[in-house]
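Participant: Given next are the chains, with one letter for each unit.
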Amino acid sequence: MPQNEVVQDLGLDEYKYHFITEDEPVFRSGRGLNEKVVREISAQKDEPQWMLDFRLKALEIYNSKPMPTWGGDLSNLENVLEDIFFYVRPQDKMEHSWDDVPPNIKETFERLGIPEAEQKVLAGVGAQYESEMVYHSLKKEWDDKGVIFDSIEDGLKNHPELFREYFGTVIPAADNKFSAMNAAVWSGGSFVYIPKGVELDTPLQAYFRVNQEQMGQFERTLIIAEEGSKAHYIEGCTAPVYSTESFHSGVIEIVVKPGAHFRYTTIQNWSNNMYNLVTQRAMVHENATMEWLDGNLGSKLTMKYPSCYLMGEGAHGSVLSIAYSGDGQHQDTGGKVVHAAPNTTSQIVSKSISKGTGRSTYRGLCQVHEGATNAKSNVECDALLINETSRTDTYPYIEIEEKKSNIGHEATVSKVGDEQLFYLMSRGMSEEEAMALIVRGFIEPIAKLLPLEYAVELNRLIELEMEGSVG
Amino acid sequence: MAEWVKAATTEECSGEGCVHAATPEGEAVVVVKVDGEYFALEDRCSHQDFPLSDGSIENGQIECVFHGARFDVRTGKAKSLPAIKPVKTYPVEVRGDEIWVQVGG
Amino acid sequence: MEGVTDALNADAVQSLASGAPEWLQNRRLDAWATYERTPMPSTRLEEWRYTDLSRLLELDSLEPLPWSKRTFDRASAPASLDAALEADREASGRVVELDGSVAHVELDADLAEKGVRLLSLRDAVEEIPEVLERRLATEALPATDGKFQALNAALWQDGIVLVVPRGVRMEDPIRVTRHVSRTGQAIFSRVLIVAEPGSQVSFVDEIVSEDLEEQTLFSSAVEIFAEDAAQVQYVSLQRMGRGAFHLAQQRTIAGKDSTLDTLNVTMGASISRLDLNARLMGPGANSDMLGLCFGDGDQHFDHNTSQDHDAPHTHSDLLYKGALDDRARSVFRGIIRVAKGSQQTDAYQTNRNLLLSEHARADSLPNLEIEADDVRCSHGATVGQLDQDHLFYLMSRGLSRPQAERLVVIGFLGEVLQRLPLGGVVEKVSRGIEEKLNG
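Chains as they are written, first to last, in this note's numbering: chain A, 1 to 471; chain B, 1001 to 1105; chain C, 2001 to 2439.
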């Protein structure tokens, strides 16, 4: 298969990303979250006063909000948060040339296949190691057209007005406990600006790696897609497996201006000791389209519900989500669509697979405000259960205030049918091959929308995971 | 039917950026002071109905403490998600050391 | 101690308990203690997210309604009660309850001979205490289930008990008609149905009132047991006037190979809250759960259902439909829970809503929690307006728009009735819908 040449090793295999790079960070905050840590982070980044004020206020909000009692099991999280490092600075500055990245970090990302991918298929690449972006580069042709693809810190430094106009307006600090935490200690993430009418023909990719034991990563990404622009942003995440638990809590804010088209793809394959609590939201204006493609494969617990606020007439939002929960994992994922203008349309498709003691939960919201006439929304959730110890839940919220709307939600739960298996086995397949084929067929409608290298990796993962699933 | 009612005294809402809850005629109103001027808004965030009077003022906007929604104190317009709809505003008059608002309009 | 008022307090419980057998006194007092220590449900609770009791329920202004013996005289029956009785058809037994006090009970003589018991709850305390001690507010709706379950278990004034002995089959339904006339009161009533193995019964529980000037609370606690291979149909028709707050708690317990179907029709009251929990406890148990509501004005309906599959080879199928006009609002929150080990389970849940006005609102939360893998489960929810193509078709056939709309709405809601077509019920509900559409 010729495509194999460009297939990145994305870590969707059996967990081969368990390798630890020996290194010494240049700065590390104390353990736990307090005002001192917040001030240290801000000082390390040499931030303007307003950002320090924003962080300190967010810390107050964080402390005042109770731990969520819904979703996954967060009972041990407070202990985990006492012990982790909220900020780890791996090197002094961010590089724009791959050769200048320190050798140990470079080696890590080379093992993850980043440089080749950049050369071959990407418009730009960012890499975050621990708390900071260590590398960011954008192909010259896009730079010339005014595209900005930079670390969030450089976004604040180099484009202060643009940054301040949008930062925190899509996801305020007080939105939820973890958005408040992120607002207090954010570090790393991307600042992306696509100028009016510019269409990127290849994706931008950011890669997130946690290497240290017991650390928290809090990237913050702000994306502005101007009128009529088009772009695709991909993020991938891995970490080594430690015996202690780690924590990742990102905030992704996206503004999609009239007529623009933006797609945000996440393939999250954190190690199985990671809490992954992420807030992702897009504000979608007239005739614009926002697509979230969300793949949750790793982590101990993920709670993530990408949202589209359809603010302008004719806006379209979609959330396509695949979740895989193996032994001990809980993927509590889904999507939210809020129709606030006429003729808006949305779609949520969620496919989950629970295996062993894994648990997959769909949680979603479809809201239509009065006056959002002719809003149309369709939600489909399918859950596949592999073993009798597996679990799945579906919790949709449908809130409709507009008569002239058309809203549907369907969900099904099924196991792999004996007849299906029997048929495939009668064609000469082993039971495991048959199982893998059925699971692949189940996720195919979403997998086919992934960039090819991800789709191939996803299929490989499923084959590996289905080994030993039967009998 | 619109009528003017006393909502607060200037003493109750004296400092810059002050946020004061009042219930003239049983209506939940929040009186705020911004740039030396008084404004009155419905004391109910349009996002999930929490009282805005628990919130704070920044840049001429009142911020709901519960989920961070912000509203322009002059127009009631939503300035930040998760709020989408505006909140009601009321005409305000300062009569001596009393703040009057026009409710039921 | 939220919710303790001049009317609802320990003295009221004491006065109801005095003179009762010891087990019952204790049960009421324990229930009251549970009520006192249970906080009032707030919108922060998932199950009460859309019904804000702090705004909707005026507990403080409710007056105590001491129990008094009432007699029933058809000739002087109020209009709504008279009409309800008039439309009734053949029955195996009839009960009339006035302001929470059972005033009339009659049962087919053959059935009485076969051992069927149909009696007021107060009489049942005297006559069949062993049944009540075992079943009343214990297995099905114990006080510990929630604030209002506790309140009803402490303060019930009367109610209806039906026991159908092993193998007895009843051709016609038992028909209960309740009427409320006292405004500003709090009324607590219970239903207990025990269908012994292999028996069969239908039970139609209707409540009517005129419009009530002040908020009037009617709390109904319904406990139904279908033992092995029994067949039970329970229908609730709620057609109270404005001013009423109807609070219904129902739990059905279906044993091995039994069928226990319910239909809840919500047309009246200003506020109506239903908590229905179907428990499929024995292998082969089956429950169809049907519901329809039609809201207009500023009616607020909240349906909270759950389907608990606690045994393998169980089947449940829920269909709730709502049509909402004016500023009416409905909430449907349903959950299917399939417990570990409940293999070969089929569970379905469908909620469909029709918005007929600009300002109506429907919220739908169909949930699933599945802990067994060999299951077939699905749910679906829709919210939309009248099917325009359908309307245009009917209008092209010469119907006026209102006529066409009426037909479409009746067709939409009628699907529910067709699934449990009990004599008398279909006509009553259809007429109720028509009255609302004309209204």
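Be aware that a few hints might be false.
Listed next, the in silico BS3-like pairs over lysine-lysine satisfying Cα-Cα at most 25 Å (straight line) [said to hold, decoys possible]:
#	chain 1	residue 1	chain 2	residue 2
1	A	K57	B	K1006
2	A	K139	A	K230
3	A	K404	C	K2436
4	A	K65	B	K1006
5	B	K1077	B	K1088
6	A	K140	B	K1033
I should point out that these hints are in silico values taken from the structure, not numbers from a laboratory.
Participant: Against the structure shown, which of the earlier numbered hints fail to hold, in ascending order?
Facilitator: When the structure is compared with the hints, numbers 1, 4 and 6 turn out to be violated.
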